[in-house]
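If you're matching them up, the sequences are chains A and B in order.
Each residue of the first sequence is one higher than the last, beginning at 1 in the working numbering.
Each residue of the second sequence is one higher than the last, beginning at 1 in the working numbering.
Simulated from the structure, these hints should not be mistaken for lab results.
All C-beta atoms, glycine included, are put in the ideal place defined by N, C-alpha and C.
Check before you lean on any hint, since a few could be wrong.
Derived Cβ-Cβ restraints for the label pairs, each shown as a range [to be verified]: (1) A:Gln274 <-> B:Asn107: 35 to 43 Å; (2) A:Glu123 <-> B:Arg128: 31 to 39 Å; (3) A:Tyr277 <-> B:Gly76: 28 to 36 Å; (4) A:Gln121 <-> B:Arg128: 36 to 44 Å; (5) A:Ile163 <-> B:Pro165: 52 to 60 Å; (6) B:Gln272 <-> A:Tyr374: 25 to 33 Å; (7) A:Phe442 <-> B:Lys120: 52 to 60 Å.
Keeping only pairs whose Cα atoms sit at most 25 Å apart, straight-line, the calculated SDA-like set for lysine to any residue is [as the list claims (entries may be wrong)]: (8) B:Lys92 <-> A:Val343; (9) B:Lys92 <-> A:Leu178; (10) B:Lys160 <-> B:Val311; (11) B:Lys29 <-> A:Val133; (12) B:Lys27 <-> A:Leu178; (13) B:Lys310 <-> A:Ile322; (14) B:Lys26 <-> A:Leu178; (15) A:Lys273 <-> A:Val343; (16) B:Lys196 <-> B:Arg218; (17) B:Lys92 <-> A:His291; (18) B:Lys26 <-> B:Arg218; (19) B:Lys26 <-> B:His62; (20) B:Lys92 <-> A:Thr294; (21) B:Lys92 <-> A:Gln121; (22) A:Lys400 <-> A:Asn126; (23) B:Lys264 <-> A:Asn126; (24) B:Lys29 <-> A:Pro248; (25) B:Lys29 <-> A:Pro246; (26) B:Lys29 <-> A:Phe241; (27) B:Lys329 <-> B:Val311; (28) A:Lys201 <-> A:Val133; (29) B:Lys92 <-> A:Lys400.
Chain by chain, the residues run as shown.
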Amino acid sequence: MRHKFLIVFAGVFWVTGQVSLMAQAPPDSAGKRIEDLHKELDEVKQEIADLKNLQSAIPQNQDDELDRLEGRLDQRLRELENKIDAISRANAPIVFNPRTTAFINVAARADDKTVYDSQGQTEIQNRPFLRTVELDLRAPVDPFAEAVAIISLEDEAGKGFGIDAEEAYGLIKRIPALETAPLGMKIKVGKFRAPLGVDNKLHMHDLPWITRPLVVSKYLGTEHGEFFESGFNPIGIDFEFFLPNPIPSSTLEMNFDLLRAGDLGLSQGTSGKQPAYLAHLNWSRDWENVHLLTLGLSAYREDGSPSTYLYSADITYKWSPIEHRDIHSFVMGGEIFLGRTVVRNEVDLNHDGVPGLIQDVTNKPLGWFAYAQYQLSWWVYLGARYEVVDEPTNDRLNTKALSGYLSYYTTEFLRFRLGVEHRITDLPEHRSVTSGLFEINFVFGSHPTEPYWVSR
Amino acid sequence: MRKLFLLFVTLSFCFFGLSQSLLAQKKMKVVTTLGYLKYVTEQVGGDRVEVMALANPKQDPHYVTPTPRMNEVANGADFFIENGLSLDLWAKNVVDASGNPRIQPGNPGHLVATINVPVKELPTEISRAWGDIHPQGNPHVWLDPLNVRIIAENIANRLKQLDPPGSDYYQKQLDDFKYRLDVALYGEELMKIVGKKAGDILTRKTRNDELMDWLVSRKLDGKLGGWMRIGSRIAGQKIVSYHKTYIYFADRFGLNIVGELEEKPGIPPPPQYRDAVVELIKREGVKAILNDNFYSTEAADYVASKTGAKVVITYLDVGGAEEVETYEKLVSFLLDRIAQAFSS
Numbered sequence: 001m002r003h004k005f006l007i008v009f010a011g012v013f014w015v016t017g018q019v020s021l022m023a024q025a026p027p028d029s030a031g032k033r034i035e036d037l038h039k040e041l042d043e044v045k046q047e048i049a050d051l052k053n054l055q056s057a058i059p060q061n062q063d064d065e066l067d068r069l070e071g072r073l074d075q076r077l078r079e080l081e082n083k084i085d086a087i088s089r090a091n092a093p094i095v096f097n098p099r100t101t102a103f104i105n106v107a108a109r110a111d112d113k114t115v116y117d118s119q120g121q122t123e124i125q126n127r128p129f130l131r132t133v134e135l136d137l138r139a140p141v142d143p144f145a146e147a148v149a150i151i152s153l154e155d156e157a158g159k160g161f162g163i164d165a166e167e168a169y170g171l172i173k174r175i176p177a178l179e180t181a182p183l184g185m186k187i188k189v190g191k192f193r194a195p196l197g198v199d200n201k202l203h204m205h206d207l208p209w210i211t212r213p214l215v216v217s218k219y220l221g222t223e224h225g226e227f228f229e230s231g232f233n234p235i236g237i238d239f240e241f242f243l244p245n246p247i248p249s250s251t252l253e254m255n256f257d258l259l260r261a262g263d264l265g266l267s268q269g270t271s272g273k274q275p276a277y278l279a280h281l282n283w284s285r286d287w288e289n290v291h292l293l294t295l296g297l298s299a300y301r302e303d304g305s306p307s308t309y310l311y312s313a314d315i316t317y318k319w320s321p322i323e324h325r326d327i328h329s330f331v332m333g334g335e336i337f338l339g340r341t342v343v344r345n346e347v348d349l350n351h352d353g354v355p356g357l358i359q360d361v362t363n364k365p366l367g368w369f370a371y372a373q374y375q376l377s378w379w380v381y382l383g384a385r386y387e388v389v390d391e392p393t394n395d396r397l398n399t400k401a402l403s404g405y406l407s408y409y410t411t412e413f414l415r416f417r418l419g420v421e422h423r424i425t426d427l428p429e430h431r432s433v434t435s436g437l438f439e440i441n442f443v444f445g446s447h448p449t450e451p452y453w454v455s456r
Numbered sequence: 001m002r003k004l005f006l007l008f009v010t011l012s013f014c015f016f017g018l019s020q021s022l023l024a025q026k027k028m029k030v031v032t033t034l035g036y037l038k039y040v041t042e043q044v045g046g047d048r049v050e051v052m053a054l055a056n057p058k059q060d061p062h063y064v065t066p067t068p069r070m071n072e073v074a075n076g077a078d079f080f081i082e083n084g085l086s087l088d089l090w091a092k093n094v095v096d097a098s099g100n101p102r103i104q105p106g107n108p109g110h111l112v113a114t115i116n117v118p119v120k121e122l123p124t125e126i127s128r129a130w131g132d133i134h135p136q137g138n139p140h141v142w143l144d145p146l147n148v149r150i151i152a153e154n155i156a157n158r159l160k161q162l163d164p165p166g167s168d169y170y171q172k173q174l175d176d177f178k179y180r181l182d183v184a185l186y187g188e189e190l191m192k193i194v195g196k197k198a199g200d201i202l203t204r205k206t207r208n209d210e211l212m213d214w215l216v217s218r219k220l221d222g223k224l225g226g227w228m229r230i231g232s233r234i235a236g237q238k239i240v241s242y243h244k245t246y247i248y249f250a251d252r253f254g255l256n257i258v259g260e261l262e263e264k265p266g267i268p269p270p271p272q273y274r275d276a277v278v279e280l281i282k283r284e285g286v287k288a289i290l291n292d293n294f295y296s297t298e299a300a301d302y303v304a305s306k307t308g309a310k311v312v313i314t315y316l317d318v319g320g321a322e323e324v325e326t327y328e329k330l331v332s333f334l335l336d337r338i339a340q341a342f343s344s
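Chain B on its own, in the form it takes in the complex (with noise of 0.2 Å):
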């Protein structure tokens, strides 16, 4: 008998501890709106995450008709992230949708990702006479690699608030991704000259548009690598883009966008206006028309054909295709296919 009762302690003991370790092993749920919030979850959340992303990254994150599974989805999530800025409204319908209080808004378990983001383009007159605008402003900030830098130290700082165990392993992981960005964003070299807080010196001049200036007075500039320095061989350069999708990448990189295919946000061009947009590329010898992979490029086409400008497919998120399955491969992208629009 005492054998007996030996073995079942011995057996629940056994059963505690795999019990514990199944629960300690059990990965936060995330689900995000976009591609790009789900890399950066993932790059941030590493191993103490699974994170899954409702929209296909190749469709316009605009439009995404929310359906049961997405909602199935987020009804088992522990984390829901949305971009914000009114690109992503259809979140919300997910969200009431789903029946889980833990990541209505309001709770730990919701974030607007680009909370803190210096946003551009903030209407002074909000109407629809002025097409699809965004009254919070231009919502498309991931494209500028400093703003993921911020968007990457919200999501690290709510995942140390719903995971407190975690919280050393989210900063390092932080601090990794931060610092990939950084030697992504100024090359390896510099980041090494600059020293242990490079990436903080150089975004914080980088974002005071003093860069350059503090580079040369240093006589660093020919130091200076990665996608600062390909944007430097195409900055000044003049762009049109079918919407206003670019302006914080070209802000970062220095591309002169002189107007949009699109008369008024959403609203496809009309035929009218397309030639206005013809005169407008051959008065400002524009030579690339940015058109994203989800909009025709009927009015792309035409407007090449008058004018020699060359239409180059963007994709606007992480995972739209095979050469962009990382944000680091996005960036590279967007830069290497205008550079080449330029090059020939």
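Excised from the complex, chain A in its bound form (with noise of 0.2 Å):
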């Protein structure tokens, strides 16, 4: 407003001037000097109007301005007030604190026949079991290596439970003389499920089915079968880090690991003073994050006795459109063992006490196991696996089982499980028996968001 009354009282000022000298001068030049004074009268009115742009691009009333400018302020200082808050009461006490999750598995089952655990010992039928308490407790150490420890609190068959580091291992993920790591090499030191395979990595919270394969649980670890949570998970050194790979769009990863022999479940514990070596060689390749395709083969040796290998091959294949993603997707594939284990008997030929024949025993178990997993609805799957093993010890002793489950997700931190086992085994036990198995399992805590969700 200012500026718009000084600019009409200079207007009004240059013409009363202007008008006044017109009165001045002689009259034989006062049509000229009209003529000018339209002429710059125009000139005012052009002025006039580059001002009134010129004012409308800057503020009318500062005063008035300078009040909302305040109460912007004020405003904006109460939204960043409210989001420290907000900020402060979600991460204050605990920022440095490890990320924490917590996993409780609870499963039921029902059998036809008498059921035992692995050690032929204990009833497991018709009961239900609290199978694990595991807590996972992560964070990064420094800006070199992260920790991780998941202390698992594990049913021993129903006659009470034993605590077990499940896996605790420092990840050292740059070394501080090296800006880089030569093929991406990330080390792990301490205790960890290992790469034999895919199915060992995962935890029982993880599986997509109610009781981890025969095969696994028989040849790769276990205390109380495979009911129970097993597996291997030995000490020792990861390496992991890509390798060259002539396929495009493919990736080709590998392991080598150096253990501590004699937790393997088909040594039977009974080697461990030499170390153990293990390979695992890894190819996949996915189509735009719709089709996922991942190969694998895996090596194992440990000198002693008996003297084991372990060989594995795996395949995985997983289908889940990226469009209307909650309605279906699907799984499948399957892993094969072959152990071989040899066992230096000293045979007392002439009964003196005097050993005179040393005899090799040779073992070699084959299992294997396939999968396929379809997913009916956002929260529901149906799912059927089946597998055929040999006895670590004994490979003429052979298991069959077949098995259908039906999965059905809340979300991805609850689900239920039902499921149906049919067993046909060359054991001494029984022949045959049928199980109806029953999981619940809750995930809580700030955990991350993989790999709860098998196809997803």
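The task is to assemble the complex, starting from two chains supplied on their own in separate frames and drawing on the hints.
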């Protein structure tokens, strides 16, 4: 307003002055002066128009503008304070604490015959179990490493609970002296689920089934059988890195592990003084994040008594449509394991108390499983698994099992699973058994998003 | 012998020069989690960057399963950019598995692009009982073009830090990109009338909800063009969306979101809740239901069949379809589709 007033005042003052000057001028030049004045008037009008345009680009009333600015700053200050409060409430007390996740896995079974745990001592049929309670803690140690500790409370076939360090390792992501990690090398040191196949790397709560595959349980390690937590999680060091790959759009990864021997199920825990070696090669390709194909090969060796070799191959295929993702998805896969144990027996031929012959007894058990799972709806998954496995200590004794299951997820953090399994075996306890199985899995805490949902 | 020596020296210089030239042309490898971040980085980084996005732009950015290929791609990156705000949580798995020290959090090669972006819907109570809530606020910030300006500045600043010789270039690229965004948002005519600092002035006025008053007071409201002009035609209209995806978009363009098909974020609507949404739509007179391409349309179709509202299939990320291959096209697409739903 002030600018407008000044402009108009200046215009009027100027015109008045010109008119006054014109009044003092001689009459003969009046026509020309009027013409000049019209020109100048037009110029002033143009200047006023320009000033009005300029005025539109600057605040009309600076006091009002300052008030509004102050109000806005106050409001912004309040928003920021609220934000700081909210973030403080969310993070401040726990900011450097490890991210913590807890898992509770409860399962029940109903069987048509007596079923024992793997030690053959405890009956486990027709009863519920709190199979595991797991506490997963993880956090960066410093700019170079991260640490993970997974402590589990495991049901010992209904006879109590045992506490175990399911995994406890440091992950070195960057060597201080090196700016880059050659081949993307990551080094894991401690106790961890070894990369021997695919299934062994999964914890019980991540499995797409209610029980471990028999071959994983029997060959890699179990205390109480496949109904309870099992697998191979030795102490050692793992080097994981990428390998150059001639096939476009695919990835080749390698793990090489140096482990403490004797923890593998196949060696029955009888060796352990020598180191064990494990190599795992993994090739994978994905198509636009819709299809994923993974092929793996593993080889394990430990010298001792018995000398143990274990080879495995695995395949996994996943199809998960990215549009309308909550309708269907599909997963299929399988793993095959071939073991070889050599036990050196000293034979007393003459029965004189002095061994006269050293005899190697070789056992070559083979086991495999294959499975498929289809997503029926956002919440429901249907799957089946078939498996065949030789006994680790006697490759002439064989077990076959066929199982089916239905999983219902309320969210990725709560799962109900119902299954049925029919098993035929050469083992002397019973020739066949049919079991109904039920599982509930709870996941809670500040956990990462993966891999609780196997097909997403 | 002397000639041989001179030849050797000449060839050495040629080889050195060639290698320097090749090194100079080596582009910075940037990996982003989402397609819109790829697009913005390309605009700001220009010829000096080579960008790859990990997620398929058609997929739900909340639920991307990291694959070994992603890990390997990230292994070769000089610079990794994620959205943050607990949207692309899977990025951590990729960065961890990449074995690439340069892109680990805490290093200049790692950027959460939404830092400094004003976030909406900060929860005061954080519990899984509320569904898949985001503790740091609603993460779909890029659907407001004003936030993309901030994100572009964040990316440009980090590019300058990582590649100091390119600083001037990145600044010019950033200024050009912001100008294109401003022209798309307000129209070229208004930008020219307001003058040199038009982008900053109009952005400030828009962010403070003073744009229209300011334009009216200067008789410039008739000059408003671009997305804001289209937005003014649909402002005040009521919509329902499947997920809380469009909070920022609706606030910028004046749409009124009266509810979501999801009862709680991340959980598909149970049948009984769909009927509650039907009642809500009837009561509020909602004409459009926004359904992202990666969600099932089952619930939206059901509600639409009971209410007559139109289901609008939307894309969230740049590159999700041919029509949304740039950020500018994505915003235009959303505005056009919503405007069509109301006009029909």
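Hints, verified against the model:
1. A:Gln274 <-> B:Asn107: 35 to 43 Å: 41 Å, holds
2. A:Glu123 <-> B:Arg128: 31 to 39 Å: 38 Å, holds
3. A:Tyr277 <-> B:Gly76: 28 to 36 Å: 29 Å, holds
4. A:Gln121 <-> B:Arg128: 36 to 44 Å: Given range 36 to 44 Å: holds, Cβ gap about 41 Å.
5. A:Ile163 <-> B:Pro165: 52 to 60 Å: 57 Å, holds
6. B:Gln272 <-> A:Tyr374: 25 to 33 Å: Because 27 Å falls inside the window, the suggested range holds.
7. A:Phe442 <-> B:Lys120: 52 to 60 Å: 32 Å, violated
8. B:Lys92 <-> A:Val343: 46 Å, violated
9. B:Lys92 <-> A:Leu178: The given pair, whose Cα atoms are some 22 Å apart, holds under the 25 Å limit.
10. B:Lys160 <-> B:Val311: This hinted pair is violated, its Cα atoms lying about 44 Å apart.
11. B:Lys29 <-> A:Val133: 43 Å, violated
12. B:Lys27 <-> A:Leu178: 22 Å, holds
13. B:Lys310 <-> A:Ile322: 23 Å, holds
14. B:Lys26 <-> A:Leu178: 22 Å, holds
15. A:Lys273 <-> A:Val343: With Cα atoms ~16 Å apart, Lys273 (chain A) and Val343 (chain A) stay inside 25 Å; holds.
16. B:Lys196 <-> B:Arg218: 17 Å, holds
17. B:Lys92 <-> A:His291: Given that 25 Å is the threshold and the Cα spacing comes to 22 Å, the pair holds.
18. B:Lys26 <-> B:Arg218: 50 Å, violated
19. B:Lys26 <-> B:His62: Measuring from Cα to Cα gives roughly 33 Å; hence the hint is violated.
20. B:Lys92 <-> A:Thr294: 22 Å, holds
21. B:Lys92 <-> A:Gln121: Violated, because 45 Å separates the two Cα atoms, which is more than 25 Å.
22. A:Lys400 <-> A:Asn126: Satisfied, since the Cα-Cα distance of roughly 21 Å is no more than 25 Å.
23. B:Lys264 <-> A:Asn126: The given pair, whose Cα atoms are some 38 Å apart, is violated under the 25 Å limit.
24. B:Lys29 <-> A:Pro248: 18 Å, holds
25. B:Lys29 <-> A:Pro246: Holds, at roughly 21 Å.
26. B:Lys29 <-> A:Phe241: Cα-Cα ~20 Å, so holds.
27. B:Lys329 <-> B:Val311: 20 Å, holds
28. A:Lys201 <-> A:Val133: 18 Å, holds
29. B:Lys92 <-> A:Lys400: Judged against 25 Å, a Cα distance of about 41 Å means the pair is violated.
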